[in-house]
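Peer 1: If you read the sequences in order, they're chains X and U.
FYI, the numbering for the first sequence is 22 to 279, going by the numbering used here.
FYI, the numbering for the second sequence is 90 to 365, going by the numbering used here.
In case anyone wonders, no lab produced these hints; they're calculated from the structure.
Don't take each hint at face value.
[Said to hold, decoys possible] Far from chain U, by Cβ distances over 12 Å, these chain X residues were calculated: (1) L169; (2) G192; (3) A223; (4) D251; (5) W275.
[To be verified] Between beta-carbon pairs, the in silico distance windows are: (6) G244/U / A190/X: 22 to 32 Å; (7) L166/X / G244/U: 51 to 61 Å; (8) R220/U / L166/X: 23 to 33 Å; (9) A111/X / A162/U: 21 to 31 Å; (10) T170/X / K219/U: 17 to 27 Å; (11) A162/U / L84/X: 49 to 59 Å; (12) L69/X / R220/U: 52 to 62 Å; (13) G197/U / L113/X: 46 to 56 Å; (14) L113/X / T106/U: 50 to 60 Å.
Values in this document were obtained by computation on a predicted structure and should not be read as measured data.
Don't be surprised by glycine CBs; every beta carbon is placed ideally from N, CA and C.
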Amino acid sequence: MTMVLGHIKGQHFRAHHIDEHARSSWLWRLDARAKLVGVLAFVVAAALMTRPELVLASLCLALLMAASSMIPASHLARAYLAAAPFILIASLSVGLYGGLGKGLAMAARTSACVIALLVLASGTETFALFAGLRRLRVPALVTTLLMLTYKFILLLGEELSRMMVARKARGFRTGRSLADRYGLKVLSYTAGMVLVRASGRADRTYEGLKSRGFEKDFTGWRSVGVRAVDWAFLAVLIAASASLVLFQLEVVAWPLST
Amino acid sequence: MAALDMRDLGFRYDDGTEAIKGLTLSVAQGERVAVVGPNGAGKSTLLHLIAGFRMPFSGDLTVMGKRLDKNSADGLRRHMGLLFQDPDDQIFMPTVEEDAAFGPVNLGLEDIPGRVARALRSTGTEHLAKRPPQRLSFGMRKRVAIAGILAMDPGILLLDEPTSGLDPRSRSQLIALLKGMRQTMVIATHDLEAAAELADRAVVLNVRPVAEGTIRQIVSDRAVLEGAGLEMPTLPKLLGRLEEMGYPVESLPVTMEQALAEISRMVEREAERRSG
Chain X
22 MTMVLGHIKG QHFRAHHIDE HARSSWLWRL DARAKLVGVL AFVVAAALMT RPELVLASLC
82 LALLMAASSM IPASHLARAY LAAAPFILIA SLSVGLYGGL GKGLAMAART SACVIALLVL
142 ASGTETFALF AGLRRLRVPA LVTTLLMLTY KFILLLGEEL SRMMVARKAR GFRTGRSLAD
202 RYGLKVLSYT AGMVLVRASG RADRTYEGLK SRGFEKDFTG WRSVGVRAVD WAFLAVLIAA
262 SASLVLFQLE VVAWPLST
Chain U
90 MAALDMRDLG FRYDDGTEAI KGLTLSVAQG ERVAVVGPNG AGKSTLLHLI AGFRMPFSGD
150 LTVMGKRLDK NSADGLRRHM GLLFQDPDDQ IFMPTVEEDA AFGPVNLGLE DIPGRVARAL
210 RSTGTEHLAK RPPQRLSFGM RKRVAIAGIL AMDPGILLLD EPTSGLDPRS RSQLIALLKG
270 MRQTMVIATH DLEAAAELAD RAVVLNVRPV AEGTIRQIVS DRAVLEGAGL EMPTLPKLLG
330 RLEEMGYPVE SLPVTMEQAL AEISRMVERE AERRSG
């Protein structure tokens with residue numbers, strides 16, 4: 022999405038920018054498995070919340086996670102804005118039928134989930150995330166497809182950047198309106214050429230994989246064990262998620278209720 | 090037993106374009122053969138045929154005595170390391186050391202840390218072990234790609250335009266690195282100077298094989314160069330001009346060392362002529 026928007030706006034896409042903030046956060050040092058399980062547990066719990074005070078509490082927890090992650094707020098805000106239209110559509114549709122309160126609760130609930138997932142994605146290198154999934158016994162076919170898709174997106178991005186530079190060098194002005202027919206024609210030709218070129222590169226990449234003995238599974242070299250700090254991170258998130266669910270099910274009374 | 094043996098090899102693309110025709114070539118174990126020719130001569134296609142990514146349309150190809158076909162390609166590829174023209178096509182992992190380990194892990198080889206350490210040491214990329222490859226320069230990424238191949242310890246190296254896209258310093262460093270290796274090599278290049286430094290023998294390919302011999306013999310034959318659409322490198326061109334000016338040259342040099350030896354002899358002859 023960011024890549025396509027960038028293309029229309031004439032911005033450059035750089036493959037390594039995808040993971041550029043991962044190491045700015047202390048989160049990247051944690052084992053990907055702990056992060057995946059912890060954050061997904063939190064997302065499931067947040068999605069289950071219906072009581073307004075608990076929806077708000079889960080949003081606050083997600084914001085707290087984002088604030089403590091040390092990932093630049095501007096980066097998270099940009100990524101959140103990319104997802105905002107979807108959140109807005111979901112909230113509006115619920116709000117139209119269920120009233121303002123339910124619409125706002127939907128917005129807060131989806132925001133809590135999106136923010137938590139953005140923290141996970143931004144605070145973990147993409148490859149580590151996929152490797153973590155594999156170590157969590159997600160089938161090799163799924164993780165390999167994810168990795169190859171990721172690699173293909175990088176190739177598409179690189180080809181797009183080259184095409185944009187070439188286009189600019191020949192006087193094409195970017196930032197045109199989508200109603201500009203000539204601009205639209207050039208953009209569609211560019212998209213076509215990018216796909217053709219990326220397909221050629223994808224073939225070479227496949228040959229590159231085969232030439233290095235690849236069969237069907239991206240196996241990491243060093244398997245690092247889960248350390249105490251990873252367990253602690255996981256325990257905090259699981260405890261928070263479990264508490265939310267217990268409050269929601271009224272197994273435990275919400276302490277701030279009047 | 091030859092490392093590679095090709096008999097009357099031919100390959101045609103799906104659209105009917107002939108890429109290689111009637112190539113017969115044998116490469117002994119430990120030998121380094123350069124395949125030189127202009128763009129579109131079939132050099133890269135030949136490497137892809139040898140690596141078993143494409144199957145020959147006609148003729149026979151054996152690798153380490155075993156016939157290459159669709160069934161044997163994956164197994165035979167274990168003996169070969171293919172260096173792509175663009176290193177980004179063969180670098181996959183998030184750090185340099187993990188990328189070097191990628192092949193050995195896939196092949197289930199033993200002593201992976203030792204293999205990785207040796208490969209990084211021999212390519213001078215030890216200090217980059219923890220770095221993400223995509224943030225390195227093109228020359229360094231080429232070294233990382235070579236490290237990835239060396240870690241698999243293949244007997245045959247297939248190098249596709251190894252010096253293309255490199256600045257002069259990186260080019261010299263890469264040539265020195267490759268010169269120090271002991272593997273059988275097939276080097277597809279249009280860089281005649283690099284071929285002269287790296288290869289024992291060269292085959293001029295322009296879809297069909299045009300000539301075979303040392304690079305020195307090939308650059309001395311203008312008809313061969315013109316027939317294959319190759320440009321004479323700067324050093325033999327310079328010495329050729331000196332010969333035209335009346336300074337005899339024993340044989341046209343291609344490398345700097347050969348040129349220095351030739352010029353020294355020329356100076357000695359001139360000194361003798363003047364004193365006598």
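Peer 1: Each hint: holds or not?
Peer 2: Taking the hints in turn, this is what the structure says about them:
no., hint, result
1, L169, "violated, 10 Å"
2, G192, "holds, 27 Å"
3, A223, "violated, 10 Å"
4, D251, "holds, 19 Å"
5, W275, "holds, 43 Å"
6, G244/U / A190/X: 22 to 32 Å, "violated, 45 Å"
7, L166/X / G244/U: 51 to 61 Å, "violated, 33 Å"
8, R220/U / L166/X: 23 to 33 Å, "holds, 27 Å"
9, A111/X / A162/U: 21 to 31 Å, "violated, 50 Å"
10, T170/X / K219/U: 17 to 27 Å, "holds, 26 Å"
11, A162/U / L84/X: 49 to 59 Å, "holds, 55 Å"
12, L69/X / R220/U: 52 to 62 Å, "violated, 43 Å"
13, G197/U / L113/X: 46 to 56 Å, "holds, 54 Å"
14, L113/X / T106/U: 50 to 60 Å, "holds, 56 Å"
Checked against the numbered hints given earlier, this structure breaks hints 1, 3, 6, 7, 9 and 12; the rest are met.
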